[in-house]
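Add chain B to chain A, keeping to what the hints say.
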Amino acid sequence: MKKLLLTTALLAAAGSTFAKDLDEVLSCNYETLGGYDNLKAVESARYKGTMTMGPMQAPFTIEFLRPNQVRMEFEVQGMTGIQAYDGETGWAVMPFLGKTTAEEMADDQLKSIQEMAEMDGPLVDWKEKGHTVELKGVEEVEGTEAYAVEVTRAGGDATTMYLDTEYCLPFLSKGVREMQGNETSFTSTIGDYKEVGDIVVAHSMIQTFGEGPTAPTQAITIESAEINTGDITADRFAMPEAPAAAEQEAAE
Amino acid sequence: MRTPTIFLPLFLLAGSAGAAIEIESSTFGGLNARNIGPAVMSGRISAIDGHAVEGQPNTLYIGSASGGVWKSKDGGIVYLPIFDDHTQSIGAVKLDPSNPDTVWVGTGESWVRNTVSVGDGVYRSDNGGDSWTHLGLEDSDHIPAIVVDPNDSQTVFVCAMGHLWAAGGQRGVFRTTDGGQNWENVLHIDDDTSCSDLELTPAGDVLYAGMWHVRRSPDFFVSGGPTSGLYRSTDGGTTWTELTEGLPEGDKGRIALSVAPSKPEWVYATVESESTALYRSEDGGDTWARKDDSLNVQMRPFYFGELKVDPSDHLRVYKPGFSTTVSTDGGETFSGMFGAGFSISVHPDHHALWISPLNPQHLVLGTDGGVYISEDKGFHWRHIANLPVSQFYHIAVDSRIPYNVYGGLQDNGSWTGPSQAPGGIQNKHWQNIGFGDGFWSFPDPNDDNTLYTEYQGGQLMRVNRTTLEIKRIQPAPEAGQGKLRFNWNTPIHLSPNRSGRIYYGSQYLHVSDDQGESWKSISPDLTTNDPQGQRQEDSGGLTIDNSTAENYTTIYTISESPLDRKVIWVGTDDGNLQLTRNGGRDWSNVVANVPDLPKGTWVSRVEASPHDKATAYVTFDGHRRGDMATYVYKTEDFGQSWRALMSDTLDGYAWVIRQDTVNPQLLFLGTEQGLFLSLDDGSNWARFSEGLPKVAVHDVVIHPTEHDLVIGTHGRGVFIIDDITPLRNITQETIDSKVALLPTRPASMQLNAQLQEFGAHDSYVAANPPQSATIVYYLQKRHLFGDLKVEVFGDDGRLIATLPGGKRKGLNRVEWPMRFKAPKFPPSTSLVPGFLGPRVPEGDYRIVLTKGKEQLESTVTLAPDPRTPHSARDRKLQQTLALELYDMINDLTYQTDNIIAVRDAARSHAETASDELASELKAYADALEAFRVSLSASREGAAITGEEKLRERLGNLYGNVTAYDGRPSRTQLQRRDTLREELDAADEVASELLGDRLAAVNAQLAEADLAPIEIMGRDQWNDKEGMFGMTGAVGKHFFKMVFPRYVEGALTTF
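Protein chains in written order, with my numbering: chain A, 2 to 253; chain B, 465 to 1518.
Just chain A, with the same shape it has in the complex (with noise of 0.2 Å):
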């Protein structure tokens, strides 16, 4: 058992708000996370919980598989969406409106997707994934003194994540993406950090699409997580034949 391991990882990030470089702050962020051999030592992840979205409510179950593989799943009256990558090919399955096989994603999708594969998130081995890191500075953010962290991607959609001069948690988002050649911007609200094995993993995050007064938000709580449990296997991220799909509430 780890129990110590959060407190042990907050008193080692806390005292220590002395102007930091990227290096420092990511090395910190690392600390406080668990360490980076211990992220890097989670092979496979199942988080389950609940989404929120106004007045209405779905379960929903996320799982990975390292290197880059993730599979979402949730339940509207009865019936499972499913969106998920298998490191080369994003799918989904929106049985909602009678259409029950599995659809390849588009380009945006699958970018999006993509970046829900990143099981340790864009800033761990940010090099070897080709995106560019940049610290902007310390600002005021929701009135929390915060490390501006830039990230770039590839294709050049950048991400600002804003982590808490205290312990370099990411606690606030903030990017543009590109769809369909237009930008469209969101906001992450990130939290709820806790122990899950020798890591500690956001259980909370809520988001925003878009700008303006009536911009869609949707809350994201996980309540129960577990890693390297075993039963999390390649087939689970591959694309199904297209009548496997049929019996979606098999699932269940």
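Simulated from the structure, these hints should not be mistaken for laboratory data.
One should not assume that every hint holds.
Said to hold, decoys possible - If you want a taste of the chain A side facing chain B, the calculated C-beta under 7 Å gives, among others: (1) T133; (2) G144; (3) L170.
Even glycine gets a Cβ: it sits at the ideal position worked out from N, Cα and C.
Coordinates of chain B only, in the frame set by chain A:
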């Protein structure tokens, strides 16, 4: 910024100021202000620039007079504000011709009308407006133009006016050669002469500058003087020569300039003089010839200083003015683009014009009523009705549900619109209730159909809301009074004590008790009546401009004590603060008791306290004499002594102060630079900025029953902070707590109201308040570790909802939609209207806030919509039926889930069983599947199969019943009975399939040494799905309201 000096006796300080509550902007956290527009009339536009690329939509940057900078990336369909954190008054917007992502903004509008705001210098963005750097020239106050050297992006010239209301400031032409790090004042005449316009040739080799003697005073305006002139530089701004050949001799006023892009030696200028006209040079400014002097060229040069030559036709010249006229003969003659007179088809008063260099048919015009776009050189125009830069002077609210907001606007009359509307507040919801420049407007508290509005200079009107008939009701001079002097922005005040009593202020205080049919003066002249302050009839300088904008020595603010109708405060524009304590018989000017206040400072607002009749708050505004400091004071002894409430946090000259009607320590202060709050009666202040740009706040109103703060801005419309109950309850103890729950108003369970409506991206739709109960808590710092959630419990202890909590420092608002979880449906191929759970009954609910290991408890109260036409009994019937259907759906799902699980287990066993058993198991599974398919739609298709089974029938009925809060129809009740029978029948089949038939299958499995197939019990299913029976024995809390005898009777008899 002014540092307050307080020399008050200690006992007074101890007695007056409450315990300090130290706050900062982040204290208010996520308690955001909600903009309700309006965009329908938009507001004054002061500057436009754009970027055109072949084959792509134009990018537009719109600078508004007091509502910041807006950007459209799609050629003018959607506009987003990009300058909200900075001064909202915009003088110039200019793109770097070499790099269109570099945007220069000069703050401080240059159309210097009486109500013009003030800027704080120059800003640059290098990323198309995503972020801005302030680059100095803070003292330039107003910036008419910026030009960027096309050969060197680091070299930029700024045309600066300096102080408008006083001498000095940064005036003339400034040059930077290092991108704005350093500035050099390369053209400066004297401390009274401003730059009025600046042009650079397309090659970047010649600069032209208009220099302008201009000054405003509260009662007077001067445009023109001997130091005005037209200058040229041919060495990059280092040296300048005045151009005179062919230009008028004698005093000149405002000069506007335009170089013909297609023939840069042709330069046009409008030159204000004794005989204002357009001038043209064909030799790069060496000599000029007088051309057209039609009315639109001559009118109000200080306000209409825009001139544009077509990018490809040097003979085509546009003159935006009262209207826009165009010349096609190089300025010899101009003709109207909009017809003549006042009956033009677009809003008059045109200030900015952008012509696409790629397509000169495409024009973008900025007016006092927003932006217009033409695709045919100005023959036809489209109004942009989604730019909410409306400029309110004052606002009021009514007591309707939902309540309406009323207000008057710069050059856009008076309007009323709702605080919320089905689907959001749109342009169509706003109603025009006045004209001209609107100021104060109110509904009559006794007669909702009667509205009081006014236009400039004391033109008071009574409007019939239904017929829109108008009766002029302004007071006339009584015997011996002489001419009445009404301010541009004349105060109307409704008595808070005597319903129906109206006050109106000239130099006298007038009162009417009969809706303005008759008036009585209850004061002598309350102003200084200084003849030196009554020069408005000669105002304007070279061009007389007596629009009532300079009316002075008038009453500007009135406040009757809500606690004593005989206590009336009056403030005047020339600095008198008058008080009567006997209903107007005697008046005393108490302004001399106000410490550290320059004599004669305009009283911008006096506010009698709603808590104590000896107490009042007052703001003063010296900006019209060049004093930009914030002045705010409080008296607790009828004005005998005053406590200064200023702090370094405050910014901008003050417009309005309000004391909260519930918590006397809570103050709201509106200044030219935003909204400030104090929780300790003015000792500590913090800017309120969540959702509210740094915009001039001219008025704030506290809604008496909704407890909203309604904010009237001059530049960004109306904002509402929904429910300020949490603010009223913040104490120092709250601030000192790591986490604290705060009370909120009872939540109204609003009637469902939404019809089908399709808009588009150019439709303006403002957000409604959340249709939710709100839980508010304070966090001392951002929450990072562990759970942060809000749980809602019924009084039987059952968990009804778990809500993700906000994490930010300060206040967090969590919305609970006041519903049970949605029912769980069986799988199907069809969606039904069952996404939402049924509404919970009204009443009190226990709230548990969990932050890590800490838990706090509170209560939220849910109340029926006060408008509800449904009796409590009918609402209960609806809830009863909804919950019964909810349970029926869950019953079906429970059975279906078991059928699916058993089916799959049978199929799974069949894979390993003997042929005979496998065959039996498959047959059993097929029977289960056939039964399942008989209950739920299974046909595949793209959305519309029309297939309906029991699941869909139940879902549709559930959706219809939950969407209406009143008595269900008899048909719906009968339908419930029919579906109940179907469900019972299905239950029988399921019991057989999962009972005897499963037992038989399990016996065969046992014989084959295979594990038995088990079904899930209902309790186990409920736990798994987080469900509980609403109408069964388990739902005790709700059972007591379900089917009491009379309800059952009603269900069967009506």
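A quick look at each hint next to the structure:
At about 16 Å, the closest approach between the beta carbon of T133 (chain A) and any beta carbon in chain B exceeds 7 Å, and the interface hint on this residue is violated. Among the interface hints, the one on G144 (chain A) holds; its C-beta lies about 3 Å from the nearest C-beta in chain B, closer than the 7 Å criterion. Look at L170 (chain A): its Cβ gets to within about 6 Å of chain B, closer than 7 Å, so that hint holds up.
Hint check: a violation occurs at hint 1 only; the rest are consistent with the structure.
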